[in-house]
Structure formats: C-alpha cells, structure tokens
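J.: Please build the complex by placing chain B on the supplied structure of chain A, with the hints as guidance.
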Amino acid sequence: MAEQFVSKASEFKDGDRQIIRLGEQEIGIFKHEGKFYAYSNFCLHQGGPACEGLTIAGVKEHLREDKTSAGLYFDEASMHFVCPWHGYEYDMFTGEQVADRKLKLKKYEIVQKGDEVYVVA
Amino acid sequence: MEQLIADRGRRVSVEELNTTRLLAHAAHQAKQRKFEDVLIIDVDAHHYENEHFGEILPFMDNEVFKQLALSSRAKGGRGSVAPSVFGTQDIGGRVTRYPLRDSEKTSKGFKRDIEIGHRWMDAMSVDYSCLFPTGMLNIGSHPQKEMEHELIWAYNRWVTEKVIPESEGRFFTMLGLPFSDPDMALKQVEKFGDRPGVRGFMVTTVRPKLPVHDNAFMKVYRAIEERGLALSFHSGFNWGDDQFQSCNRFIAAHALGFSWYNILHCTNWVVNGMGERFPKLPVIWIEAGLAWVPFLMQRLDHEYMLRPSECPVLKKKPSDYMRDMFYSTQPMEVQDMGALEDTFRMINAETQLMFASDYPHWDFDLPSTIWDLPFVSDKARHNILGGTAARVLGLQPRNEAQKANLQKFGNLKA
Chain A
1 MAEQFVSKAS
11 EFKDGDRQII
21 RLGEQEIGIF
31 KHEGKFYAYS
41 NFCLHQGGPA
51 CEGLTIAGVK
61 EHLREDKTSA
71 GLYFDEASMH
81 FVCPWHGYEY
91 DMFTGEQVAD
101 RKLKLKKYEI
111 VQKGDEVYVV
121 A
Chain B
122 MEQLIADRGR
132 RVSVEELNTT
142 RLLAHAAHQA
152 KQRKFEDVLI
162 IDVDAHHYEN
172 EHFGEILPFM
182 DNEVFKQLAL
192 SSRAKGGRGS
202 VAPSVFGTQD
212 IGGRVTRYPL
222 RDSEKTSKGF
232 KRDIEIGHRW
242 MDAMSVDYSC
252 LFPTGMLNIG
262 SHPQKEMEHE
272 LIWAYNRWVT
282 EKVIPESEGR
292 FFTMLGLPFS
302 DPDMALKQVE
312 KFGDRPGVRG
322 FMVTTVRPKL
332 PVHDNAFMKV
342 YRAIEERGLA
352 LSFHSGFNWG
362 DDQFQSCNRF
372 IAAHALGFSW
382 YNILHCTNWV
392 VNGMGERFPK
402 LPVIWIEAGL
412 AWVPFLMQRL
422 DHEYMLRPSE
432 CPVLKKKPSD
442 YMRDMFYSTQ
452 PMEVQDMGAL
462 EDTFRMINAE
472 TQLMFASDYP
482 HWDFDLPSTI
492 WDLPFVSDKA
502 RHNILGGTAA
512 RVLGLQPRNE
522 AQKANLQKFG
532 NLKA
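Protein sequence lines correspond, in order, to chains A and B. Residues 1 to 121 in the working numbering are what the first sequence spells out, letter by letter. Residues 122 to 535 in the working numbering are what the second sequence spells out, letter by letter.
Just chain A, same shape as in the assembly (with noise of 0.2 Å):
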C-alpha cells in the first residue's frame, strides 16, 4: 500500500471529484461537505466507471401514521453518486449500492498531510 498524491486540499473545491488511475486501478475522490471519501470506479454492476456520474441526494418517500403517502422528496441528510452507465446508485459515505446495501464499492482510506490530499491504494 502506498499514499498516492491527489490534490492540494486548497485546490479541491466542495462537490467536486477527481478520478485517479494506479496501474488497472482507477479510484473516484469525491469532496463533500468538507470530507473526501474515496471509491473505486468500476461499477459492481456491468462495470462502469461508477464515479464519474450525477451526485445527487437519496430519494425518500413521507408516509404517513395512517400509512398514506405525502409524497417524494429529497433527504438532504444523504448524498449519492450515480454510474452514468445504468443509474447504479452509490451512498456517499458508505459506498453502499443504496438498492442492496450488501453490495459495497471497494473503499479507498484519505490521508491529508498538510493542504495535500493523498489516497492510499
């Protein structure tokens, strides 16, 4: 395992993503809301490049006590990035696919030294 370097923290802008490639590994950083969180970019399912897509917040649906629906809505609380290839539908902070939750992107550790951004892989 080394530390690959990424970025300049300074230079990595919130919502942003960077893809790196380590021999046959290619690696999606995403910076969200201050954190980065590191994935690898072949998609579990036809393997697509599953980070390299639409970041988007989960989906919810409000049921009522009475077991009515008030309808859909978007759960700010949670983050999703989405393969471009089929909509393979990935959690942010878990790297869970949020259809099967057993189904889990390999997940890369962030080491930050400094205002550098390292992934090790």
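The hints are simulated quantities; they were obtained by calculation from the structure and are not laboratory data. Keep in mind that the hints are not guaranteed to be accurate.
[As the list claims (entries may be wrong)] No farther apart than 20 Å at their CA atoms in a straight line, the calculated lysine to any residue pairs in the SDA-like style are these:
1) K60/A - I372/B
2) K67/A - C368/B
3) K102/A - Q456/B
4) K152/B - E26/A
5) K60/A - A373/B
[What the hints assert, rightly or not] Which residues of chain A face chain B? A partial, calculated answer using Cβ under 7 Å:
6) Q46
7) G47
8) G48
9) P49
10) G53
11) L54
12) V82
13) P84
14) G87
[What the hints assert, rightly or not] Residues from chain A shown here face chain B by an in silico Cβ test under 10 Å; the list is partial:
15) N41
16) F42
17) E52
18) I56
19) V59
20) W85
21) H86
Cβ coordinates follow ideal geometry from the N, Cα and C atoms, glycine included.
T.: Okay, now just chain B, sitting in the frame of chain A:
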C-alpha cells in the same frame, strides 16, 4: 465546462459527452476477454432518428402528407406528426448520455449516427449492429394509417439509402412495417426487402389491438419468408396505454410494458400456429428480456393440454414452437442466476439466443454479460454473442480468428 443536469446543485462535470471515453471500461473488458477473436453481432441497437427528421421527411411519398409533416416542423409548436410517449428513461439525468447527447462532437446529419455507432461498437468490440429507430418504435399508436405508412416509408428509404451504405458494412437493419395497413406493409417488403443491409422486417409491438394472426398479414409474412429474411418483434412501452393507467411510477410501466407487448403478440403468434404456417421464417423476439419466456411457456402449455380444440393447427406444445424461435438477450435479468440458468435451458439458449446491447438506451448490456455467465458452455458463449445471428442473418466474420471460431461451432455458412 460544468453542466448542470438538475437543480439543487446536482451536477456532473464534463467537457462534452464522448462515447469512446464513456465506454473506456467496456473497451478494457473487450481487450481482457480477447473479443476481437469473437464475432459479436448486436441484434438490437438504436439511434435517435427524431434528430434527423429534417433529412427523413423529404423521403415521404405522398405530397400532401409530406407537406403536413414538413409544415409541422416550423416554429410555433403546432403539434407533432409522430407519436411520442411519457417517461423519464434518463432517471432524472442520472444516465448522463441522455442530457449530454447534444454535446458530443461529430459530423452533421446522418453521419453523426454512424460515427457515434462506430464509437460504441468499437468500445464493446461489436462487429455488426442491427440499427433500430427509437421514437418510431411507437409508430403503431399513430391514429392515421396513411401517415404511419408515409413516415415508415420515409425512414426506410433514408436508412437504406443514406445510413446503411455509409456504415462500412457494419450496420444492418430489420425495417419497420405499417401494420395498420397490410397492403402497404407488403408494398414496403417488396420495395426494400432486397436492399443491401436489410436482414429482415420488424413489428413494432406497441400495438395492443394488432391481431398478428389476421389473414390480412399472411401475404406479408410469406413475402418475408420467401426472401429468406427474418421477422422480428421489437417491444416497447407506452405509459399512456389503458392497461398502464394505474401505474404511478415509470419503473412499473417500463418493466411491464416491454414484457407485456411481447407476451401478447407471442401468444397470438403461437396459438394460431404461425410456426406451422411459416416454418422457414426466423422469428426474433427483441428487447423484452428473458424472464417472460419461461412464464409464457408454462402458461400456454398448461392451457393447451386442456383446450387443444382451440389450437387445431398445432402439432406440438406451444413451448416447442417458442423454442423454434429466437430471443434477444437484453435486458437480461440476472438477479436470480438459478432462474436465468433455467431460462437458458428452457429456450435452448445455445442455438436460440442472440446478443443485444440496446445501446445507447439506459438499460443497455455489454457482451461481457454473456461471456462471464458461470453456467454456459464455450460454444454457447460464441453462439449467443454472434454465431447464431451470423447463421440466421447471413453475416460474415471480420477476421480469421472469428472465422475459425464460427467454423469450430458450426455457424459459418458456405
């Protein structure tokens, strides 16, 4: 350039859509599996013909309908001459190639579709693709049979005179027919059936009131069979159809629609003994996945054993006729691998299944979805990916390794 796909800050940063770059992982998969040595034929891929109506509509034959169609394109929003459907195939922009499609750099006009097609075919190592339209899969819901014929006629002329000849021999087609008018359908078979790149004709199955077994269509099927061409049933969805009015989510209308229309037409095709009437006509059921096939086999066989008097033309069980026909793979349901293995057994996948990508639509499949299946033989892999389609549709290998593989598995026509 950062392109906002939705509000509330949802975003993806791209300079432009580039199909080759988007499918770089597919190219990697193809290289790992040495797909260059495997003839891969995609029996169902698409382009967006609606982006070329400016080129297509002048090919209409009747001057009044042509004037109506061309006039409708003028600014002012006076309606559309072609049917459209409700739906959100791009999942709110999550499948980014939909909203970003306009940003892909290509030549203008019909050559754009050829260039984009070759980009994804090269990435997947697909040798030949059957090019189908997108919006015109819903042409069967047009209320005016004359306009249906005219629009299909214009598309069929455009695609066979412009697109196919410029595709370096890598696109072929199974042309749509105006099934609201059997005489016009026959006219189109006679006009286009012998053109280069035409390997068959297609029933757009979003036609819930179409009796595919009606006597009026026998001359059409006979004409296709006599030419040694295939008949495909390409499924679709129409959220606006009566039977889907209770569906409040697109997932429901889409999942049911593609299955339903093929189930409907396949049932009528089988119980009316069309397999007995046209034994040399290859019939291909396209884009409904595979999970519906075992269900229908079981269901029809069960009822046939009790009510054979209603199907006197049949000489064997409905499932036997269904095993005589062909099925395209996509969208292949893989969630229960055991059920999929049973499905392969029930349809004789080794000889009856043909690979389809459906690219660029949202639920496309890669060739690796077949290659990596744990339960199929080497022969089945080669047959499904291209050998069977090569044999049935008369397509040739593109290199010596592919030729050797076709010979090895008995798929090379003399």
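J.: So, against the hints stated earlier in the document, which numbers end up violated here?
T.: Structure breaks no hint.
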